[in-house]
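Here is how the chains run, residue by residue.
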Amino acid sequence: MSDPRERMRLSADRDRCAGAGMCALTAPEVFDQDDEEGLVVLLHPVPLPGQWAAARMAVGLCPAGAIALDSPDSTAP
Amino acid sequence: MPYDPTAADPATTTAEEPPILPADRHTGCPFDPPAELTALSDKPLRRLRYADGHLGWLATGHAAARAILADPRFSSRYELMHPPLPIPGMPQELPPAMVGDIIGLDAPEHTRYRRLLTGRFTVRRMRRLTERVERLTTECLDAMEQAGPTADLVQAFAQPVPALMICELLGVPYADRERFQSQVATLFDQTADAQAKGEAHTALLRYFDELVLAKRAEPTDDLLSDLTTSDLTDEELAGIGGLLLAAGLDTTANMLGLGTFALLSNPDQLEALRADPGLAEQTVEELLRYLSVADPIPRAALEDVEVEGQLVRAGETVTVSVQAANRDPHRFPDPDRLVIHRKATGHLAFGHGAHQCLGQQLARVEMTVAFPALFARFPTLRLAVPPQEVPLRERSNIYGVVSLPVTWDEE
Ligand code: HEM
Ligand code: SF4
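Line order of the protein sequences matches chains A and B.
My numbering applies: residue 98 is where the first sequence begins, and numbers increase by one.
My numbering applies: residue 11 is where the second sequence begins, and numbers increase by one.
Honestly, the hints are just simulated from the structure, not real lab data.
Hints should not be assumed to be uniformly reliable.
As the list claims (entries may be wrong) - Across the chosen pairs, the derived CB separations fall in these ranges:
# : chain 1 : residue 1 : chain 2 : residue 2 : range
1 : A       : 147       : B       : 105       : 32 to 42 Å
2 : A       : 126       : B       : 65        : 21 to 31 Å
3 : B       : 82        : A       : 167       : 18 to 28 Å
4 : A       : 162       : B       : 245       : 31 to 41 Å
5 : A       : 125       : B       : 278       : 27 to 37 Å
Don't be surprised by glycine CBs; every beta carbon is placed ideally from N, CA and C.
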């Protein structure tokens, strides 16, 4: 948990995104929506530890299953 | 099959004959699901007998509801569904969605329309409207105060704030409101017969036909004018305009009316909100969960799907009870209490999946501004009638109060 090499990696699938904005509402530092189609924009694919809790919650809330996370202890570059 | 409301009583339902959906929205407390529905919520997914005799399902568990709404194998197309309760004067087969009613479409048709709209309703764009909502709210409160010290909160506040906002966004002249307010109410009224609904819908569409022509001829700075530059036909534009207007007029308004009633009935919670207006956002989430005004959400299985260990067969209708799922004690401890400090996020009041409410960020901004402003302006706001005399929308797809007589002390 405190290993500094640990990373959380996020990915977003704009094809599945429903533009509902739960991500941008829940973790505004990590997710945004574009102005054209309102689809998810990933601001920080590798969020800072201080953003993990909100990012995790956003993944759980996304109604379309469009954002995913690789667990922090998986591959670090 | 004759319709017998008493058959919903679980005490008279035999093990062999599945129950039917409780018709009335509440039995005792105006904010709680009817006791009959709570009695059916012991299993997350159970068999339900539909109005036409169809043997379908009722989902009351939060996890089951979420799984069904997220799964594209459950269709939103009305023509594949059986209505749980009889619709007066309606043939038992439901007609497909009218042009522009994207709630009744599946991908890829649904996706095409939705993508044209989502960019207009992003979190950022809606937050930018905060000041505008504040101004409209202040104007409504000014008028209410001047006419006081009594008011029907629905007429003075709950309806005009979201109505002014959606009219402005769409580019619909607010002065035309008499032409569509009652029609929208008819569309959501479960007791209105098919003919009345049809007439209301036709009138609403005719109104939008005219408006679309006007916007094409002379575009203004609004959503409807912007959409005229897309490849949507006039018919599609009118249909989408009607849907957005109906959804924007009648939903937030009922949350504001019923939500005020709920807060006035829970003085300790109201006090906590007054003491710390920073709690407004989470109060709104908790009110959304606790009141679940848009209910239920129907789906039809396109294939055999296993949900919670049970096999829902292709062709079967599932009624997702939002109000029951939002009171699932496995998801929300002590669910029948309004607790503004709780983490209510994850509620299904805006639905879930590809159709999750398009206007939810607008509704959030409206409510986050409106509730604190109302209680700040009238510190002594209270009901002007005994709570049991507040008239409720018993059978509407959107639950709420018909009127909310309130009073306050003048300084
Ligand atoms: C607190 C207020 C509101 C509540 C509780 C609410 C609730 C819902 C629910 C439950 C759905 C999903 C229906 C389904 O899955 O079949 C929905 C969809 C929708 N809502 Fe709302 N809504 C609210 C406010 C609004 C507002 C203000 C607008 C105005 C723009 C709006 C526009 C829509 C539209 C267009 C859809 C259809 C989305 C689709 O099918 O992709 N809603 N709403
Ligand atoms: S929460 Fe999911 S569906 Fe909604 S905007 Fe974000 S990624 Fe898209």
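Quick rundown of the hints versus the structure:
no.	hint	verdict
1	A:147 x B:105: 32 to 42 Å	52 Å, violated
2	A:126 x B:65: 21 to 31 Å	49 Å, violated
3	B:82 x A:167: 18 to 28 Å	24 Å, holds
4	A:162 x B:245: 31 to 41 Å	33 Å, holds
5	A:125 x B:278: 27 to 37 Å	31 Å, holds
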